[in-house]
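Engineer: Take a look at the letters that make up each chain.
6 protein chains.
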Amino acid sequence: MASIHIPWQERPKDCKDILWRHTDNPIIERDAIPSSNSIFNSAVVPFQDGFAGVFRCDNKAVQMNIFAGFSKNGLDWEIEHDPIKFKEGNTQMIQSDYKYDPRVTFIEDRYWISWCNGYHGPTIGIGYTFDFKEFFQCENAFLPFNRNGVLFPQKIDGKYAMLSRPSDNGHTQFGDIYISYSPDMKYWGEHRCVMKTTPFELSAWQCAKIGAGPVPILVNEGWLMFYHGVINTCNGFRYSMGAAILDRDNPDQVKYRTQPYLLSPQTQYECVGDVPNVVFPCAALHSEEEDRVAVYYGAADTVTAVAYGRLSEIVKFTIENSI
Amino acid sequence: MASIHIPWQERPKDCKDILWRHTDNPIIERDAIPSSNSIFNSAVVPFQDGFAGVFRCDNKAVQMNIFAGFSKNGLDWEIEHDPIKFKEGNTQMIQSDYKYDPRVTFIEDRYWISWCNGYHGPTIGIGYTFDFKEFFQCENAFLPFNRNGVLFPQKIDGKYAMLSRPSDNGHTQFGDIYISYSPDMKYWGEHRCVMKTTPFELSAWQCAKIGAGPVPILVNEGWLMFYHGVINTCNGFRYSMGAAILDRDNPDQVKYRTQPYLLSPQTQYECVGDVPNVVFPCAALHSEEEDRVAVYYGAADTVTAVAYGRLSEIVKFTIENSI
Amino acid sequence: MASIHIPWQERPKDCKDILWRHTDNPIIERDAIPSSNSIFNSAVVPFQDGFAGVFRCDNKAVQMNIFAGFSKNGLDWEIEHDPIKFKEGNTQMIQSDYKYDPRVTFIEDRYWISWCNGYHGPTIGIGYTFDFKEFFQCENAFLPFNRNGVLFPQKIDGKYAMLSRPSDNGHTQFGDIYISYSPDMKYWGEHRCVMKTTPFELSAWQCAKIGAGPVPILVNEGWLMFYHGVINTCNGFRYSMGAAILDRDNPDQVKYRTQPYLLSPQTQYECVGDVPNVVFPCAALHSEEEDRVAVYYGAADTVTAVAYGRLSEIVKFTIENSI
Amino acid sequence: MASIHIPWQERPKDCKDILWRHTDNPIIERDAIPSSNSIFNSAVVPFQDGFAGVFRCDNKAVQMNIFAGFSKNGLDWEIEHDPIKFKEGNTQMIQSDYKYDPRVTFIEDRYWISWCNGYHGPTIGIGYTFDFKEFFQCENAFLPFNRNGVLFPQKIDGKYAMLSRPSDNGHTQFGDIYISYSPDMKYWGEHRCVMKTTPFELSAWQCAKIGAGPVPILVNEGWLMFYHGVINTCNGFRYSMGAAILDRDNPDQVKYRTQPYLLSPQTQYECVGDVPNVVFPCAALHSEEEDRVAVYYGAADTVTAVAYGRLSEIVKFTIENSI
Amino acid sequence: MASIHIPWQERPKDCKDILWRHTDNPIIERDAIPSSNSIFNSAVVPFQDGFAGVFRCDNKAVQMNIFAGFSKNGLDWEIEHDPIKFKEGNTQMIQSDYKYDPRVTFIEDRYWISWCNGYHGPTIGIGYTFDFKEFFQCENAFLPFNRNGVLFPQKIDGKYAMLSRPSDNGHTQFGDIYISYSPDMKYWGEHRCVMKTTPFELSAWQCAKIGAGPVPILVNEGWLMFYHGVINTCNGFRYSMGAAILDRDNPDQVKYRTQPYLLSPQTQYECVGDVPNVVFPCAALHSEEEDRVAVYYGAADTVTAVAYGRLSEIVKFTIENSI
Amino acid sequence: MASIHIPWQERPKDCKDILWRHTDNPIIERDAIPSSNSIFNSAVVPFQDGFAGVFRCDNKAVQMNIFAGFSKNGLDWEIEHDPIKFKEGNTQMIQSDYKYDPRVTFIEDRYWISWCNGYHGPTIGIGYTFDFKEFFQCENAFLPFNRNGVLFPQKIDGKYAMLSRPSDNGHTQFGDIYISYSPDMKYWGEHRCVMKTTPFELSAWQCAKIGAGPVPILVNEGWLMFYHGVINTCNGFRYSMGAAILDRDNPDQVKYRTQPYLLSPQTQYECVGDVPNVVFPCAALHSEEEDRVAVYYGAADTVTAVAYGRLSEIVKFTIENSI
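Residue numbers (this note's numbering), protein chains in the order written: chain A, 1 to 323; chain B, 1 to 323; chain C, 1 to 323; chain D, 1 to 323; chain E, 1 to 323; chain F, 1 to 323.
If you're looking for bench data, these hints aren't it; they were derived computationally from the structure.
In this text, all values refer to a predicted model and were calculated from it rather than measured experimentally.
Among these hints, one or two may not hold up.
Quick look at which bits of chain F chain A covers, simulated, 3 or more residues with Cβ under 8 Å [unchecked claim]:
| # | segment |
| --- | --- |
| 1 | 142–149 |
| 2 | 187–201 |
| 3 | 272–286 |
FRET-style restraints, in silico, Cβ to Cβ [as the list claims (entries may be wrong)]:
| # | chain 1 | residue 1 | chain 2 | residue 2 | range |
| --- | --- | --- | --- | --- | --- |
| 4 | A | Gly170 | B | Arg248 | 35 to 43 Å |
| 5 | A | Asp82 | B | Arg110 | 24 to 32 Å |
| 6 | A | His81 | C | Gln95 | 37 to 45 Å |
Some chain C residues close to chain E (C-beta under 8 Å, calculated; not the full set) [claimed, not checked]:
| # | residue |
| --- | --- |
| 7 | Gln95 |
| 8 | Tyr256 |
| 9 | Val315 |
The beta-carbon is built from N, C-alpha and C at its ideal position, and this holds for glycine as well.
With the hints as extra help, turn the sequences into a complete structure.
Structural biologist: Below you can see the structure in the form of structure tokens.
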């Protein structure tokens, strides 16, 4: 990855925000592949001399599935026109009524993918690939009902670790972030509550439900976790983005957590679309040496956008504005 | 009708959609008559050397009523400033707390109008006119609660036939399409279920409720029925448009039905307005010889818009993309 | 019917109620036939030298169906062990996922049965029999969703007339009584609202929903209609019984209606059972010359009970205690 | 106030509306102070040689608080960067989990402020200032749950008078306007219902809930009260603005009330934002001699906007279009 | 009151409960007066050489009203057959759609009555009598929506003090106890929260809502307040009774509060009736010298019952089992 | 266990039911220990020369906890007065806000206990004991929200196997039975759906939710699983009991399942209590040689009862009455 540069734009003049939007957002339009109604809530990683990704493309029947894609610069993407076809991983094939909201991370020797998998309701599907061409599906991590399963990019205490948000089978009114561990990506346990919603008076944008977003980034202070928070307004849910820092060794310990949001729906493409007022981060590319991060997020459940920030500033802001 | 041309624009270059929007949408603005808050969900038919229509105009007290209107070209409309005043048809005058979402069709010797009639809640009102000047109101077709009553343009097996969507008295969470028959436009029976919502996994845009739209069009394959489908998102209902083909003689038999939508809310006037994210078709003009159809639909419960398509393509698409 | 006596017990001493309970209630226990979980909400009529009836027997899978039964004295019943099997009446066989809450009445030459029929949700099924052995099923009277369809025992202005309670497909929170007419028991129209729920302050026991009960009885003052009324307490619905008198010729006109209930759940068998606190009348035998009426009602959705009263007193009470 | 001119723009040509929007709306953007997520639902009054105001600024944690601000022309505002800090008024300090939706009026010797105060849920907080620098907090007027407390600008029959809207502790589905009186701004009583929601058929924009807006204006015909009304659409609440005239001496008597709305959400800044489709008036500047009024309203719960009208026309319209 | 003995029975052998039931409960049956459907949630006080009371009698239309009654021994009651007719107290007559759940207490020179008064929803009505024959109605204490208004039996710091439970207008899902003060029984202020529901894990019987019951009793440790607590089971609300001790001078300070209930619905008359599983205390007679208390409570919203206890034991238990 | 006899009574004369009740039910009253409000939903196993059990005893604060108990005959129980105190099992101590609905089974060398454990909502707690004196608590099996975790009495394919019912955090409206596997009682995976609710028309008593009951019993035909099923009536949930037979080697395969219930709430102690109309089985003792089974079930969430049956008859009935 040494010679690859992640997408980047400098902070606009007069802008004092911690995260700022890519000027040509959305970077992926709703109809970027022929069948798609919308492309959003997707994940990207460095891959070979560029980037690869797994994209949520709802088709025009509004069926939800995940698709592989490739890019040289992280902004212009070629997305496959057919959804990923999985082969058997560590088990026989698991029923999958739908797949959405993927995350991707590289651990040891392969790229692991987690997503919301339709198995008698939403739960966390797991798969892997070595090359983004051949994909293998493993056991679901959990019983339904669960969403927003996000793997840590390395084992912790010798075990795989995953964040998730247990919930119910509809438009869930509640949701907190938990962590679970597995010795083998097949059996999961040691479930711990990591972070709950906030009291309305303390930080209303994250008072209804919260869920992990991109794969956590290891920084000096611990695990930097971008996450989404939801407020239930009289006209529906509004999804914004914040950040937290979890303890490196015991990531169920929250060290810091932003009271203000980092990004909330304010632009036309975030406020108007299939589901208005949604900013939903699912991936982040970062460069430690350049002190840069590019956060990929779904906007209005319709398109894909990018926001930029300085890693060091985000960490500092999270510490200084912690609840 | 021979010499009258229905509104038409050719498919834009690079557009591969089955339906495409009129470039000057909306064709009727919300304040097209002095009293109106919004004009949408309206019906038009060929009439004399042009077109006539019945329009839903909500006034600034947001009272719902239907108005007559006339047009030479089907795009520029003169709408009466006063709502339709009905005289007694086949019964004494029926209570009508409100009227909305009209459909119009010509059968035998007159233009029949059906609408959602406020009688202790929504049910299906029926009326007729010979000239769009004098209107007569008949018995309500059904008990409350019902909406989206759509007559077939000819008798079937000697009886009038009507599609409708039984429901409840609020923001109905469910709704399927039924058919009923009448020997006399007064007594109705032989109620049959025609088409139900789809499983979320199969076609989510029509998984919450569905309702008939324009008067069905007789094509070689059967009755072409445009309809609306609704998905219940976490930020409210989203209304899209699809098509089905019903058996000519037994129209409670669905032969084909689009898994993808034909049109969904994507433009500013469909996404932003009194009720965001609504595409709601209520009428269609077609020319068999020219292979054209112009679908009239309400947008965002605020304005009226038109979309065009080729009849033959729509039928082919419906067959090839059927559930 | 001259020589047949309807069931009867004199009013107990010190009792001042308009209706009083049979001392050996319930007259039909929940397990009166081998398969039954509960027998309630059932209808009886004079038949030959005794009585016949159609009974709602839920089996131990809690499937709802209707069964024929016979009695010499109206109190001791032999109920068939198998549900009624219908043959085709005025149409091909209608789908019937379940049948419950039957009413029976004799018109002209046969016994007509109406019940709540499961056709994509509850609606009103209609059938007839000449002998309670051979049964014929006709078209459903209405679109779903409807319950408590009750036929008048004679034609009105040359047409069949039916009361019903349009509603939705769950544990309906609302419900008013309507009337509809049919020239032929196949097509129905002229739907009119008869009677609505009352304001909480005026008569709370009938403020949530109401529905017709037994077949109306023609008395001098008009049609005597027993009906059930429901209050929604913090611990669920409570069903009581009242009476109204409808105009003889225009039965959508309510002349009188009891502000107090006539009977409410107060005994063990009415208060404790599968659904606590339910008194639900479905039939009434009456003798004009003896000035007697015996009302059959389901208790706690579990058993069948009888209450007695004097026709003249009930009419007088209804007039004097009218809302 | 003689030499101070309230903000004003003449009615645009071809515009026939009673209220028309300021051409450079919104006058206050969401990020007008560094910490703010949104600035809306705010109040202004003439003050010294210009204007002062109390502004609802939600910060980026979406905490709600009120801020002082000053303006020479009523359009360009300098808002303090820190929220108002109250000192003890007529009691020890009252708990205040949040403050929002302020109103301001001058009575006798000081400026009184009322707002929605978080005390175990929303209720009406009261405070005063002489100079918009030093602020004093008094007893809450009422028990929770209440919102939209609006003081009359003078005593009535020797007592302070306040409009309010009792409600519950969530996204209230109902709400009517009441009036209460106090001899001392500490103890309140003589609670009377002033104005309720309208039947859906009569005026749907105000059928779900209503609440007082700006401080009432004394005109010849009585108290001119702008208020908001809410309709519950299938995609959430829509807030519009109307006007009523209350009796001068017995302001619980409504003399006139607009059936049509005066302003409804139609522009981009009213339709798109944190809570779409909200027009929410909280203040009005008026000049009797110039026959002008400038209404300040929150738009989409995000920004602050102004609309203009002629006092005499508004009164005339209210009388002529009264329900 | 010296020579009058309050009702009493000794604790049964083997009973270790703090409160024990009267052996002949219920002491007032549902039909104790001719018009009544149920008599419950009522209040009694010592009066002349016996006792007087104000009783909630719902009639057979389930209209709610309050009736005066008298008793020599506190157990056998003569209740008036007509509801109390109020004259004007400190204001013109207040609208009263219904009256229920009265409390009575003597302060200074008269008996004050508070009840749930129907004024556009439930709020707290206030009245007084000197002789239980002539009654006077005052201003409602609060805006709607409120229930369970209970006056303290003496002024506190020179002001009348009242407990109440603000809520909404339906089957309220929440409810805490507040206190308010008035200099004159007309204007009320200084509203403070006294006591909230408990976390489910801590004391589930009072986790959904709580409300004050009888008039508080002054004991050495402060004000002994019996109250009801509610748990929301999957089959509805269950109402039990507990006790708290409030600070004598600052009664918004809770000194002790029972974690266990004192009485919960366990007998047939508490578990079966119009609203199953309700124990609802509204009055208590006590004798300090005899160390006795008799608590009057409504059972199953149907009948009136009594439980006995030792004042000293109750206080001790409350202190030792406090949360 | 050879010489120990499980509790038993012969089927009463004239009784044709598959399960019949113990004549002295309930065998454990609600106040069997001093602190208890109710004792129900409890589990028993053969132990030494008699029986041991783990009992759900809610105390009078309605706090839920589990208690050990012992019996010689399985009917007369000595229950400890203090709840079980767990020591650390295979992890540090897990938070446990409450414990309820235990199940117990012996596997290999110890008695395993599973229960509903309060960890940020309900999930499945696991512990073990060798002697019912010293108890050890292990990792929770799953993330919240889950209930009714039931272990198989032997490993399947070398792994522990557990049934459970994922759900949400309130009075869950839905619920199906799943199975999960663990190599070590710490990490769980291979989650499979076993059995779902039935369509209302097919078997209404189990149409709302279902959950495993006693530890499955291995019979020739597979695993005999008693379970509870719930119907949602207009007056709340009603819990009944049925039986299913799962494949011995692949217990996610349902071979048979009773369409009728085996036992439903019909007696006073099942219909009246803290939660009316509940029959909830949690344990079963069986004797293969004697062809007997004694099912222990909670009644009305208040007391503990027993029902008897013949193993062979139950299996036969389940096969012959399978859905």
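Engineer: Evaluate each hint against the coordinates.
Structural biologist: Do the hints match the structure? See the list:
1. Look at the segment 142–149 of chain F against chain A: 5 of its residues bring a Cβ nearer than 8 Å to a Cβ of that chain, three or more, so the hint holds.
2. Counting residues of the segment 187–201 of chain F whose beta carbon lies closer than 8 Å to any beta carbon of chain A gives 7, which meets the minimum of three for the stated coverage.
3. For the segment 272–286 of chain F, the proposed coverage by chain A is not satisfied: 0 residues have a C-beta within less than 8 Å of a C-beta in that chain, short of the threshold of three.
4. The hint said 35 to 43 Å for the Cβ distance between A/Gly170 and B/Arg248, and at roughly 40 Å that hint holds.
5. A hinted range of 24 to 32 Å for the beta carbons of A/Asp82 and B/Arg110 is inconsistent with their spacing of about 53 Å.
6. A hinted range of 37 to 45 Å for the beta carbons of A/His81 and C/Gln95 is consistent with their spacing of about 42 Å.
7. For the restraint placing C/Gln95 at the interface with chain E, the shortest Cβ-Cβ distance is roughly 33 Å, beyond the 8 Å limit, so the hint is violated.
8. Checking C/Tyr256 against chain E by beta carbon gives a least distance of about 14 Å; that is not within 8 Å, so the hint is violated.
9. The interface hint given for C/Val315 is broken, as the beta carbon of that residue sits about 18 Å from the closest beta carbon of chain E, more than 8 Å.
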